[in-house]
Structures are given as C-alpha cells and as structure tokens.
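Q: Starting from the known structure of chain A, fit chain B onto it as the hints suggest.
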Amino acid sequence: MEFGYYPGCALHGSSNDYEKSIRACMKVLNAGLKELDDWICCGATAAHSLNHKLSTALPARNLAIAERDGVGSVLAPCPMCSMELIKAGRALRESEQMRRQMSEIVELKVEGKTDVINLIQVFERIGIETIKSAVKNPLADLKPACYYGCLLTRPAKVVQFDDCERPRSMELILEALGAAPVSWNYATECCGAGLTMANEATVLELANKILKNAAGSGANCIVVACPMCHVNLDMKQSAVERRYDTAHGLPIYYLSDVVGLALGLNKKELAIDKHFVCARAQVKR
Amino acid sequence: METLEKVDSAFAGTSVEACYQCGKCTGGCPVAGLMDLMPNQLVRLVQLGRLEKAMASTAIWHCVSCQTCTTRCPQSVDCAGILDVLRQMSAEQGKAAPELRRVLVFQKAFLDNIRRNGRLNEVELIGFFKTLAFLKDFNIPLLMKDTLLAPQLMQRGKLHVIGEKVRDRAVVRRIFDRCTKPGKGA
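Protein sequences, first through last, are from chains A and B. For the first sequence, the residue numbers in my numbering are 1 to 285. For the second sequence, the residue numbers in my numbering are 1001 to 1186.
If you're looking for bench data, these hints aren't it; they were derived computationally from the structure. All of these numbers come straight from a predicted model, not from anything done at the bench. Yeah, the Cβ is synthetic: ideal placement off N, Cα and C, and Gly gets one too. Do not take every clue at face value.
What the hints assert, rightly or not - What follows is a set of in silico ranges between Cβ atoms, one per label pair, in the way DEER data are often shown:
1) B:Lys1181 with A:Arg90: 43 to 53 Å
2) A:Ser217 with B:Gln1075: 13 to 23 Å
3) A:Arg93 with B:Arg1173: 25 to 35 Å
4) A:Lys157 with B:Arg1044: 16 to 26 Å
5) A:Glu165 with B:Ala1018: 19 to 29 Å
6) B:Glu1092 with A:Lys157: 20 to 30 Å
7) B:Arg1044 with A:Arg243: 26 to 36 Å
8) A:Lys268 with B:Glu1052: 49 to 59 Å
9) A:Asp115 with B:Gln1152: 32 to 42 Å
Pulled out of the complex, with its shape left as it was, chain A reads as follows (with noise of 0.2 Å):
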C-alpha cells in the first residue's frame, strides 16, 4: 500500500518528531509515503485570515502537483493542512470557474480530485485487524485520552470525517492496541492552535483546560494527531505548569507514537525522546 505524502511545513520544522515516528510506523505495516514534489505551504490561518484568494490558490499548488504526478490520495498528517487542502478541493469541485482561475494562478491544471486524508485514516485503510494482529506489545497499562482538537473533525460539511461531537476513530484504534481510553470533555476543544506565538495567554488557558479535564478525567496520557496539539500540550506544558501553579506531568502522544509502541518500536524510533514532558514508565525501554 502506497500514500501519497504532504508533510506540511510543521513536520520539516520543530514537529520532525511527529514524521519520524509516522515513517517508522509505516515501515513496520509495509505501507509507503511518496512525498509530493516540492510541495509549498498550504498558508495555514495567516492565509485565510488574510488572504482568501491566496488560502486557496496555495493548496491548490499543492493538489495540482499530486494530480500532475498520479497521486490519488495524500495523507497530510497536519490538520490544518488537511483541512486546507480539503477546502480547496471542494471549492475547486463545485466551480469551472474557480477550476480556470486557479490553474492560471498555480501554473498546473487542477480540477481538485485528491483524496486528502489524516493520519487516523491512514491507519484505517492499512486496516485495523491487520494492525492489531501485529501487536507484539499491548498498551494494557495506557489510558488516554484522544484528543482531536479543532480540525480533524471540524468544519464537518469540509472534512467529512467521524462525528464532529463526538468521534471515535482514535479511540478505536487504540482498543485495537490493547490501551484503554477514557471518556472526557475536551476530545474537541481547541488548544489554541497557532496562537501560541502572537498570543499565549490564549493558549496556555485553552491548554490548561484540557491537561486538567484529561488528568480528571483518569487519563494517565494524551494521545494526539496534529502537530500544534502536541506543540501546546507537550512543550508549553511546563509554560501552563508555571502559570497556573498545577502540576500536570501528562505526556503527550502522537497517535503514530503509541501505534508504533505497540508494534514493538522503541522510544528512540519513535522520536518520542524528543519530546518535552518524560514519558512515561510504561514506554521506557
């Protein structure tokens, strides 16, 4: 099996934690990544706060170079981008018009006829069955809690993706592993995202919120899937710690982190050493 890749600016930056630990598990469930060439950023919130013309044409690029080169579907493991480049194809789907305007701006014809997907349904389409029969260590001592944060469910008519209130597709996936997840408040509650720059105090209150409900909620860990999550929960956790005199000690997860753990990969191949807060004892091997 065979995905095209759009790694999005996060992952060759400071989230190049969270694409060691995806290619590592990829590796292990034989499934490839076929990275696009030389994929541009899809503009993120800068974009369309500022520039909707531009939120879209930048995708657009994007899904024009995966369709000039035959790539039927791309995992874009950053919400944001996914989100991004999802839109954008809708908004090249509905619209002839809005299909020649943005071939003439991107320089590639582009119709909008990717398959863009998340991490989460990469790991369904590999199979749930096939990776819970190559579990060689079950997460019996885990208990998170998934959290989706903003995008990957939102807007729902745009992603299409599991139940906006209420999803379970992480949750799935980590039964499957032999871990436990808990029920709690803030599976879909917005850490903040890119605001933790321009805007902090925003951050480390919606971050604080969500460790207090996970912990409250007997989560012993987070488990995520979007690179600014992680960035929030993991390294500001000690920002949140400071500010709000708690202590929290919660470790933060990608979700391919855990997948990986229960395929026999270790810390190190996983990245997870480069994580902020200490993981815990379970995964120390």
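A: Chain B alone, transformed into the frame defined by chain A:
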C-alpha cells in the same frame, strides 16, 4: 437592503441574513470570554452593515479559527468564514485593534516568510516577528519569550536555523502576486 446585499456578496459563500441570533456560536466558542464582542454580535453587525465596529473589535483577533461556530450553526452560517473576511478587511483598511495588532503582525510575517521560501522557516519567522513587535511597542517580554526554549529545541534537533526552501520559489512569488494584486476578482 442595499447594505445587506453589498455585505452579503462581500461575504461570499455564506448567508449572513439566515442568522436568527440563537447564540450557539458564542456558547461553543472557546475564547468568547476574552472577546469584546461575541461571535453572534459580530454576525449581527455584519447583517446590519456596521462593518467598522466589527473590524475594529479585538474579538476577530482573539478568534482561534477552531470552526466550532461554523460547525454548530443551525442555520449553516459560516461564522468562522465571516471572521476571516472581517480580519482581511480590518487588515487591508488598517482597522486592527491596537491591543491585538501583534496577531496581525505575526500573520503578515508568516505570509511574508512563505512568499520568500515557499515553506515556513520557523526561526526566521520568530526572529522577524519579535523584531517587528519590539520596534512597534518595545515589547520586551515578547522579545524574551521562549528564549529559554531555544537550547532545549536545539538539543532535540527541532531547531533548524537554515530552513527548507522549495526549488521553484519563483512560482510561489508569482502565485502571491496574482492573489494580492487588486482588481483580479474572487
């Protein structure tokens, strides 16, 4: 009615007039508590054509674009999309609330970075943003913020002083030019 029509076309893709002020957008907004005007009030201002007030609010810059409002609206009004348009107009017309202008400064620096490199160079972006914010209002705490994280990031191989650049940067620049030149529609 003239104002309403004008506004509606400017807010392409969503029917602002469909909002009946149930307040569900505000109820689910994670940052409503920080806003000077609530999301439902912003939508109301747009309905009334009072864009100046909406554009000058701090609310539009507090918004985290989490799409909860849009997803939950019983009338399918794209509230988050409306805030995008308000931010764009506010930025273009120089109406951004001074208290939160740093958010706009950050987003402009972000786009500028993409225009030059094709991909985000985090170190360069943070450097630019901090310098701009410092020159604007001598924001020393912001200048110093996260400096202690730098060595930790470095130690983890997460800090890339020389960022990635795409090969075809010229096409990226042309895409930006075509999207920023006025009078080219949509």
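Q: Indicate, hint by hint, whether the structure satisfies it.
A: Each hint, compared with the structure:
1. B:Lys1181 with A:Arg90: 43 to 53 Å: violated (25 Å)
2. A:Ser217 with B:Gln1075: 13 to 23 Å: For serine 217 of chain A and glutamine 1075 of chain B the Cβ distance comes to about 33 Å; the hint is violated.
3. A:Arg93 with B:Arg1173: 25 to 35 Å: holds (27 Å)
4. A:Lys157 with B:Arg1044: 16 to 26 Å: Since the Cβ atoms of lysine 157 of chain A and arginine 1044 of chain B sit about 23 Å apart, the hinted range of 16 to 26 Å holds.
5. A:Glu165 with B:Ala1018: 19 to 29 Å: holds (21 Å)
6. B:Glu1092 with A:Lys157: 20 to 30 Å: This hint holds: roughly 28 Å between Cβ atoms.
7. B:Arg1044 with A:Arg243: 26 to 36 Å: holds (34 Å)
8. A:Lys268 with B:Glu1052: 49 to 59 Å: holds (56 Å)
9. A:Asp115 with B:Gln1152: 32 to 42 Å: holds (38 Å)
Of the hints listed earlier, those the structure fails to meet are numbers 1, 2, in rising order.
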